[in-house]
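Engineer: One letter stands for each residue in the lines below.
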Amino acid sequence: MRLEIGNFYVKDIIFGDRLSLNDGILTINKEEALAYIREDDRITEADLYIAKPGDKIRMCPVKEAIEPRVRLDGRGLFPGYTSELAPAGDGVLHALKNCSVLVVGRHWGGFQDGIIDMSGEGQKLTYFGQLNNIVLVADTNEEFERHEQQKKNDALRRAGHKLAEFIGACVKDLTPEDKDVYETTPMIRRDAGIEKLPSVVYVMQPQSQMEAMGYNDLVYGWDTNHMLPTVMSPTEILDGAIVSGSFMPVSSKWSTYDMQNTPNLRVLMDAHGKTINFLGVIMSNLNVALEQKERAAQFVAQIAKSLGADGAVVAEEGYGNPDADFVGCLVALEDAGVKTVGITNESTGRDGHGQPLVTLDEKCDAIVSCGNVGELISLPPMETVLGELQALARDGNSGGWDYDEVLGPSVREDGSIILENNGMFCGDQVVGWSPKQMMEF
Amino acid sequence: MVKEIEKAGFPIVQMCNLVPVAKTVGSNRIVPTISIPYPLGDPDTSKEDQWKLRCHRTKVALEALATDITEQTVFRV
Amino acid sequence: MKKVILYVNQFFGQIGGEEKAGVEPEIHEGQIGPAVQFAKELDGIAEVTHTIICGDNYMGSNTDAAVAAILDMLADKEMDLFLAGPAFQAGRYTVACGTICKAVKERYGVPVVTSMNEETPGVDMFKKDMYILKGGNIASKMRKDVKAMANVAKKLLAGEPVGSASEEGYFARGIRHQAWRKDMKPASERMLDMLVRKLNGEPFVSELPIPKIDRVPIAPAIVNLGEARIALLNTGGIVPVDNPDRIQSASATRWGRYDISGDKELRGGEYKTIHAGFDPAAADADPNVITPVDALKELQKEGVFGSLHQYFYTTVGTGTTESEAARMAREIIPHLEEDHVNGCILVST
Chain A
0 MRLEIGNFYV
10 KDIIFGDRLS
20 LNDGILTINK
30 EEALAYIRED
40 DRITEADLYI
50 AKPGDKIRMC
60 PVKEAIEPRV
70 RLDGRGLFPG
80 YTSELAPAGD
90 GVLHALKNCS
100 VLVVGRHWGG
110 FQDGIIDMSG
120 EGQKLTYFGQ
130 LNNIVLVADT
140 NEEFERHEQQ
150 KKNDALRRAG
160 HKLAEFIGAC
170 VKDLTPEDKD
180 VYETTPMIRR
190 DAGIEKLPSV
200 VYVMQPQSQM
210 EAMGYNDLVY
220 GWDTNHMLPT
230 VMSPTEILDG
240 AIVSGSFMPV
250 SSKWSTYDMQ
260 NTPNLRVLMD
270 AHGKTINFLG
280 VIMSNLNVAL
290 EQKERAAQFV
300 AQIAKSLGAD
310 GAVVAEEGYG
320 NPDADFVGCL
330 VALEDAGVKT
340 VGITNESTGR
350 DGHGQPLVTL
360 DEKCDAIVSC
370 GNVGELISLP
380 PMETVLGELQ
390 ALARDGNSGG
400 WDYDEVLGPS
410 VREDGSIILE
420 NNGMFCGDQV
430 VGWSPKQMME
440 F
Chain B
0 MVKEIEKAGF
10 PIVQMCNLVP
20 VAKTVGSNRI
30 VPTISIPYPL
40 GDPDTSKEDQ
50 WKLRCHRTKV
60 ALEALATDIT
70 EQTVFRV
Chain C
0 MKKVILYVNQ
10 FFGQIGGEEK
20 AGVEPEIHEG
30 QIGPAVQFAK
40 ELDGIAEVTH
50 TIICGDNYMG
60 SNTDAAVAAI
70 LDMLADKEMD
80 LFLAGPAFQA
90 GRYTVACGTI
100 CKAVKERYGV
110 PVVTSMNEET
120 PGVDMFKKDM
130 YILKGGNIAS
140 KMRKDVKAMA
150 NVAKKLLAGE
160 PVGSASEEGY
170 FARGIRHQAW
180 RKDMKPASER
190 MLDMLVRKLN
200 GEPFVSELPI
210 PKIDRVPIAP
220 AIVNLGEARI
230 ALLNTGGIVP
240 VDNPDRIQSA
250 SATRWGRYDI
260 SGDKELRGGE
270 YKTIHAGFDP
280 AAADADPNVI
290 TPVDALKELQ
300 KEGVFGSLHQ
310 YFYTTVGTGT
320 TESEAARMAR
330 EIIPHLEEDH
340 VNGCILVST
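Residue numbers (numbering that gives the first Met the number 0), protein chains in the order written: chain A, 0 to 440; chain B, 0 to 76; chain C, 0 to 348.
In short, the hints are calculated from the structure, not lab data. Mixed in with the good hints, there may be bad ones.
To be verified - Mimicking DSSO-like on lysine-lysine, the simulated pairs with C-alpha atoms at most 30 Å apart in a straight line are: (1) 2(B) x 127(C); (2) 181(C) x 273(A); (3) 46(B) x 263(C); (4) 338(A) x 197(C); (5) 184(C) x 338(A); (6) 22(B) x 126(C); (7) 300(C) x 58(B); (8) 123(A) x 154(C); (9) 273(A) x 197(C); (10) 58(B) x 271(C); (11) 46(B) x 300(C); (12) 146(C) x 104(C); (13) 51(B) x 271(C); (14) 211(C) x 22(B); (15) 362(A) x 197(C); (16) 197(C) x 211(C); (17) 211(C) x 2(B); (18) 127(C) x 6(B); (19) 55(A) x 184(C).
As the list claims (entries may be wrong) - What the simulated footprint calls covered on chain C by chain A, stretch by stretch (three residues with Cβ under 8 Å from a Cβ of chain A suffice, anywhere in the stretch; the number is not a length): (20) 168–182; (21) 195–202; (22) 243–249; (23) 277–289; (24) 320–334.
C-beta atoms are modelled at their ideal positions from N, C-alpha and C, and glycine is treated no differently.
Please put together the full structure from these sequences, using the hints given.
Structural biologist: Right, here's the structure in full:
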């Protein structure tokens with residue numbers, strides 16, 4: 000399979016007459032874009048903003064991030080979700096780089112939503128603090144979940160994906176500044192030179208733990224709760240086969256933007272033929288019952304063994320009980336003779352004394368660790384808030400609280416906030432961005 | 000929590016689905032349950048079945064408290 | 000100017016060698032032995048006002064008396080930080096440094112810093128309690144070890160954050176926090192490096208060393224279950240629908256207890272789960288699937304056990320740290336003791 004990504008680097012974003020990209024300046028016709036968003040009659044209120052690195056902007060509650068792109072063959076960006084089911088992973092797409100579409104609730108947040116700051120100490124706590132962002136701030140008529148702590152955020156998230164397609168379309172006929180080409184060959188038909196290198200699989204454990212539908216990550220529009228581990232091509236992941244969900248404290252989550260760009264996959268593909276023979280992806284899952292966790296680990300180990308993998312990398316989208324899926328999978332792979340590296344975050348608590356993962360096993364001897372969900376973070380007020388800051392305290396955000404005897408509420412009258420890292424939007428970046436590391440003190 | 004209570008001298012049985020978690024934490028008496036969201040009654044089964052399962056596993060837990068053990072033990076259900 | 004006091008043994012206090020190891024603690028104004036170099040290193044930031052000297056054997060054999068005497072000597076001194084050593088590879092001296100640092104920190108609440116070689120007993124005994132710099136094995140490393148201690152001391156005196164154990168060169172204290180790498184090397188590249196090394200059989204360093212499991216002694220079994228009083232606890236967040244104790248949905252610091260005496264039942268609509276780590280539908284519909292109050296009452300009626308403690312106890316397990324969980328347990332225990340509970344069932348989700 001051959002996926003070609005033509006890159007267009009966005010240096011600035013402005014509102015203007017015509018949706019276009021000129022010399023790195025992305026112009027968006029705001030009214031036209033909003034009219035497109037409002038075609039979904041669940042959207043009751045919508046506005047667009049621009050948030051760039053250095054801006055004194057805080058966003059809350061952030062629900063999703065998507066890289067604007069266009070497929071040159073006219074296929075939707077997310078087959079099975081924003082468009083008809085079709086294969087992904089092959090073909091040419093154009094992408095607006097250094098740029099993302101963010102979706103922010105106008106009022107209501109929930110357990111799974113997050114914070115992004117564009118400047119100050121908070122800027123480096125998410126990947127999106129360094130991007131040029133088109134920010135959709137909207138509300139919906141989804142009354143059934145208005146006051147629910149767990150929200151599907153379906154209308155808002157879909158609006159974000161559609162908006163990313165809408166904006167990405169402006170570079171369809173332009174020539175990209177440069178290209179990334181990701182090419183895979185059948186696993187069993189590779190050059191002798193490559194065959195000599197140790198072979199590696201990448202095991203993804205996307206968030207799939209809600210038994211109710213509408214919350215989990217999707218694979219080609221299919222709820223990952225309904226799947227068992229299977230083999231996928233890395234180019235499928237980079238080409239929109241996976242859409243992020245709406246469950247799990249947000250610092251542990253992988254946004255759709257993260258899936259589209261998964262740095263772990265990119266480094267493995269770059270290393271292919273040099274230091275490793277990268278076989279491909281085993282798409283696994285996360286579960287709620289021990290037997291399900293064990294079954295998935297068993298499948299992953301069997302697939303890795305059947306493919307002849309010498310090594311594996313396992314990444315989990317979550318913490319807490321998903322650690323049991325993660326550790327279980329690492330142990331199953333090691334037991335099958337596959338040398339495995341894990342990537343995760345930890346929950347050592349505010350004081351850093353806690354047990355890092357809920358299950359531990361001495362076989363997990365190679366782990367990359369990207370953050371502490373319980374790290375306490377204080378951030379000063381920001382001039383501009385997009386959304387509604389109270390959502391952090393009021394709506395059961397996993398990193399916030401409305402009341403604490405010692406710390407007071409998460410959102411203070413002057414607009415300063417105190418929260419756990421849990422609430423930073425996709426902050427732990429287990430997909431591979433994370434410059435943070437867990438360290439001993 | 001379990002360890003602190005046991006340290007105070009109370010025998011304590013942990014009923015949980017994720018047995019590896021309880022083992023890692025260092026619980027000494029463990030009785031497995033059927034899932035995380037509904038440890039003691041699968042809503043997809045009849046009320047009668049849920050009740051039977053709940054009574055059975057709770058009884059196993061009570062008996063575990065009255066069972067002498069010498070090492071970390073997962074009781075059969 | 001901040002004030003610092005240093006503890007050294009009889010040898011570095013220039014009293015004498017092994018034959019003087021029995022000397023009782025004494026305090027001197029000004030700087031003796033390593034204190035001189037500490038004073039230079041801390042110049043402009045703090046002065047080393049006093050040097051305390053104690054024989055290693057006296058500290059080892061008369062620990063309580065030695066510690067009490069030194070704490071008394073410090074009672075009327077101004078002090079912003081306490082130093083001990085460096086102790087190198089001298090076993091008794093490392094234990095002495097750890098012992099006195101711990102006592103001073105507990106009594107006077109000032110930061111303490113010491114230094115030991117990794118081969119000594121003091122490291123494992125005290126590394127969780129204080130900054131112990133990784134010291135040399137012989138006294139010729141004095142300059143280097145004093146400098147390393149002073150670097151950490153300076154940060155503590157200035158109220159600046161102390162870097163990670165590997166950056167600063169101290170023994171990890173069992174505390175793990177997120178921090179930014181100086182090279183900002185992303186996780187993906189760290190992963191690839193580690194992977195290739197592991198595949199090639201080369202050494203690599205995991206970012207999460209697996210800690211040893213801490214165990215507690217097994218509490219003796221209940222002798223007569225038929226007469227035993229049982230208490231029910233859960234970390235699945237079952238609370239009355241208005242969550243009167245405002246228990247958090249994750250990273251809980253609060254707990255509650257709710258009356259289940261007499262013929263009280265747990266009904267959906269009256270009780271619910273506020274645990275945010277799983278789909279709440281089943282437990283909201285029937286809280287007994289987490290807190291089996293109905294089953295317990297039936298089993299009590301059947302005579303399987305004697306009586307049910309009149310409250311069940313609730314907190315939320317997800318993201319809750321061990322130290323918070325332990326504190327909540329310690330708050331709950333007196334209620335169990337008061338009611339002569341014989342055993343506990345804890346349901347976790």
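Engineer: Take the hints in turn and mark each one as holding or not.
Structural biologist: Results of checking the hints against the structure:
1. 2(B) x 127(C): Holds. Residue 2(B) to residue 127(C) sits at ~20 Å (cutoff 30 Å).
2. 181(C) x 273(A): holds (27 Å)
3. 46(B) x 263(C): holds (19 Å)
4. 338(A) x 197(C): holds (7 Å)
5. 184(C) x 338(A): Holds - the C-alpha atoms of residue 338(A) and residue 184(C) are around 23 Å apart, at most 30 Å.
6. 22(B) x 126(C): holds (26 Å)
7. 300(C) x 58(B): holds (12 Å)
8. 123(A) x 154(C): With a Cα-Cα distance of about 24 Å, the restraint between residue 123(A) and residue 154(C) holds, given a limit of 30 Å.
9. 273(A) x 197(C): With Cα atoms ~16 Å apart, residue 273(A) and residue 197(C) stay inside 30 Å; holds.
10. 58(B) x 271(C): holds (24 Å)
11. 46(B) x 300(C): holds (20 Å)
12. 146(C) x 104(C): holds (21 Å)
13. 51(B) x 271(C): OK: residue 51(B) and residue 271(C) at ~22 Å, within 30 Å.
14. 211(C) x 22(B): Holds, because 12 Å separates the two Cα atoms, which is no more than 30 Å.
15. 362(A) x 197(C): Roughly 13 Å separates the two Cα atoms, so the pair holds.
16. 197(C) x 211(C): Judged against 30 Å, a Cα distance of about 22 Å means the pair holds.
17. 211(C) x 2(B): Judged against 30 Å, a Cα distance of about 15 Å means the pair holds.
18. 127(C) x 6(B): Holds - the C-alpha atoms of residue 6(B) and residue 127(C) are around 21 Å apart, at most 30 Å.
19. 55(A) x 184(C): Judged against 30 Å, a Cα distance of about 27 Å means the pair holds.
20. 168–182: holds (count 10)
21. 195–202: It holds, with 4 qualifying residues against the three required.
22. 243–249: holds (count 4)
23. 277–289: This one holds; 4 residues, not fewer than the three required, reach chain A with a Cβ under 8 Å.
24. 320–334: It holds, with 4 qualifying residues against the three required.
Checked against the numbered hints given earlier, the structure satisfies every one of them.
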